[in-house]
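**Q** Counting with our numbering, you get residues 1 to 96 for the letters of the sequence shown.
Hints listed in this document are in silico derivations from the structure and should not be mistaken for laboratory results. Glycine is no exception: its CB is placed at the ideal position from the N, C-alpha and C atoms. Check the hints yourself; a few may be wrong.
Pair ranges (Cβ atoms, derived) [unchecked claim]:
(1) 78 with 55: 21 to 31 Å
(2) 73 with 93: 22 to 32 Å
(3) 41 with 66: 30 to 40 Å
(4) 51 with 86: 31 to 41 Å
(5) 53 with 87: 28 to 38 Å
(6) 83 with 49: 20 to 30 Å
(7) 35 with 56: 49 to 59 Å
(8) 37 with 89: 53 to 63 Å
(9) 89 with 40: 52 to 62 Å
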Amino acid sequence: MSKPSFGPILFFAIAFALSLYFMFAAVQGDFGLFRRAEILAEADTMRTQLVQVRTDVAQMENLTLRLSDDYLDLDLLDERARTVLGMVRSDEIVIR
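With these hints in hand, go ahead and build the complete structure from the sequences.
**A** Rendered as structure tokens:
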């Protein structure tokens with residue numbers, strides 16, 4: 001009676017376990033497909049935020065330019081003084 005050979009069975013079991021591990025890592029790991037999808041979604045969100053921030057910056061630059069010494073918009077200055085400082089003109093009637 002001869003003993004059964006476990007060498008080939010052990011080899012294929014280890015190879016199968018390693019292939020399962022690498023498949024799992026390719027799908028679920030730090031550099032896997034699911035993580036890539038998360039990164040792409042996050043990149044889209046950040047691009048949208050970047051557009052919003054650029055719009056806000058352009059608006060602030062416009063307001064800053066209009067308040068500078070080179071370009072003084074009296075209507076904007078009047079609006080800002082009323083809003084920020086709570087000022088009123090001398091010919092206005094204020095009812096509370």
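**Q** If a hint holds in the structure, say so; if it doesn't, say that too.
**A** Results for each hint:
1. Distance hint check for residue 78 and residue 55: the Cβ-Cβ separation is about 25 Å, which falls inside the suggested range of 21 to 31 Å.
2. Checked against the hint of 22 to 32 Å, the pair residue 73 and residue 93 passes, with Cβ atoms roughly 26 Å apart.
3. In this structure the supplied range 30 to 40 Å holds for residue 41 paired with residue 66, their Cβ-Cβ distance being about 38 Å.
4. Evaluation of the 31 to 41 Å hint for residue 51 and residue 86 yields a pass: the beta carbon distance comes to about 35 Å.
5. Restraint check, residue 53 to residue 87: a C-beta distance of roughly 32 Å satisfies the suggested window 28 to 38 Å.
6. Distance hint check: the CB atoms of residue 83 and residue 49 are about 27 Å apart, consistent with the given range 20 to 30 Å.
7. Separated by about 31 Å at the C-beta atoms, residue 35 and residue 56 break the suggested range of 49 to 59 Å.
8. For the pair residue 37 and residue 89, the beta carbons lie near 59 Å from each other, so the given range of 53 to 63 Å is met.
9. Roughly 55 Å separates the CB atoms of residue 89 and residue 40, a value that falls within the hinted 52 to 62 Å.
Taken one by one, the earlier hints fail for this structure only at number 7.
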